[in-house]
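My request is simple: use the sequences and hints to build the entire structure.
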Amino acid sequence: MAPASSMRQRHPMRVFGIVVAAGVLVASGIGYATANEVTDQVKRTEVFGLVKDRPENDGGTNILLVGSDDRTGLSKAERKKLHVGQSEYGSHTDSMMIAHLADDGSVGIVSIPRDSYVEIPAFTTASGKTIPSTKQKINAAFSIGGPSLAVETVERSTGVHIDHYAEINFQGFVTMVDGLGGVPMCLKTPIKDEKAGLDLPAGNQTLTGAEGLGFVRARYFDPSADLGRMKRQQTFVGAMFKQAMSPSTILNPARMVAFLNSAAGAVTVDENFSKREMWNLAAKMRSVNPANVTFQTIPLGEETSAPGVGSVVVWDQAKSTELFNRLKTGEPLVEKAPEASGPTVEVAPSSISVRVLNGSTVSGQGTKAIKDFKAAGYSVFGVATNAPKRTGDETVIEYDPRYDNSLKTLQAALPGATVKPVKNLGRTFRIIVGSSYDGVKEVKVSGPAAEQAAAGTKPKTAADDPCA
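FYI, the numbering for the sequence shown is 824 to 1291, going by our numbering.
If you're looking for bench data, these hints aren't it; they were derived computationally from the structure.
Some hints here could point you the wrong way.
[Unchecked claim] Here are the simulated lysine-lysine pairs, BS3-like style, with alpha carbons at most 25 Å apart:
| # | residue 1 | residue 2 |
| --- | --- | --- |
| 1 | 1054 | 1197 |
| 2 | 1264 | 1243 |
| 3 | 1267 | 1231 |
| 4 | 875 | 1151 |
| 5 | 1197 | 1264 |
| 6 | 1246 | 1011 |
| 7 | 1194 | 1267 |
| 8 | 1065 | 1194 |
| 9 | 899 | 1054 |
| 10 | 1264 | 1151 |
A quick note: this is a predicted structure, and the numbers were derived from the prediction, not measured.
Below, the structure written as structure tokens:
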């Protein structure tokens, strides 16, 4: 019989739905009675009564989000369909995140790598049993001491005060995605992972709850393993946020209530998370732009091996400390970039791919445009070639209608350009430059999409194109 560690499938990133549901709750404008009925379904458990030596609360709101492999509510047939295994291994988690609600209204989601090597503090259970401290992977804290030890371990390791705790299980994730009518995604390449029960073609599609669960768990098909999976997870939950806050959900009472009921029925929160605080959270989430929802991972140092533990990762001390210091306050997690002078758009140039063709009779016009696009931060595909048909003075943007939000950025960068929809063109825009082309104009990106982390890397946001 295979060991539990190999049989038990991984399941990160389901817990972001908890935050999404809060925003839908208020944005939908549902009546008090319905909202009360929804929040009454949320289960509570003792968490903070057993947590000791806590950091000071310096501001901001931090919620520890945990994904549990609890199979409650799943029949044997459903477990088989979802490829989550039939055996029970007790309570485990491989998914831990901190949701940071900053004073400026932005939301930062910080993933905690499950193999992070940390000190798990000594712990006294509710029954009075004392468990000695140990150096372990951070996800072991939940298995050893449940929610209380998970919170205490995160607080001790990061120095960050955790205000609330929320946990969701397999069934909750599946029903939440199905309650939304699925989550639109596009795949650059096919994904087939037998252990996750996943077989998806390349291209645009809407993932069901079962497919979404497989998508965020799949890792064996990808040589980059957990790192690649983490990027796909962030792409999925960003797309989930956009779908949940879209008019197709907010203005559809049946879909909206189905989503909220599925979320509430699967969530367990700490004993202090009152209805009033849930409503306050929902109020904060109501006006959040997807571009103001960023995803980060605790910066990592080296990967190493610990005796008796196996392969582990350690955090980059300087970079992680800087991130934790922001979590301790009401500051946003991403520093604001200097204000750009151009028009405001939602999708950053770095999230947009273009191919340039010369539609003019001016020699070198395409090559010049490529240099301009690269300097402005766009991803440029290939080298400049002559367009099959001359456009004269006119510059033309050919685009796939599915990427109309990214189109707005290019329209701002190329004012006066003609736009031409091309069905199934894909995510790479075709730019046919005419003789009147005079450069790529600077644009100003709303929210953290334009902001750079201290290391100089662009954070992923919920406004990014849902393509993985």
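Now for the hints, and whether the structure bears them out:
Between residue 1054 and residue 1197 the alpha-carbon distance is near 24 Å, which keeps this suggested pair within the 25 Å criterion. Our distance criterion of 25 Å between C-alpha atoms is met by residue 1264 and residue 1243, whose separation comes to about 20 Å. Taking the CA atoms of residue 1267 and residue 1231, the gap is about 12 Å. The hint holds against a cut of 25 Å. At roughly 18 Å between alpha-carbon atoms, residue 875 and residue 1151 fall within 25 Å of each other, so this suggested pair holds.
Straight-line distance between C-alpha atoms of residue 1197 and residue 1264 comes to about 12 Å, which keeps the hinted pair within the 25 Å bound. Distance restraint check for residue 1246 and residue 1011: the Cα-Cα separation of roughly 17 Å lies within the 25 Å cut-off, and the hinted pair is therefore satisfied. For the proposed pair residue 1194 and residue 1267, the alpha carbon gap of about 20 Å is at most 25 Å, so the pair holds. Using a Cα cut-off of 25 Å, the hinted pair residue 1065 and residue 1194 is violated, with the two alpha carbons roughly 33 Å apart.
Using a Cα cut-off of 25 Å, the hinted pair residue 899 and residue 1054 is violated, with the two alpha carbons roughly 31 Å apart. Proposed proximity of residue 1264 and residue 1151 is contradicted: the alpha carbons are some 38 Å apart, above 25 Å.
Hint compliance for this structure: hints 8, 9, 10 are not met, and every other hint is.
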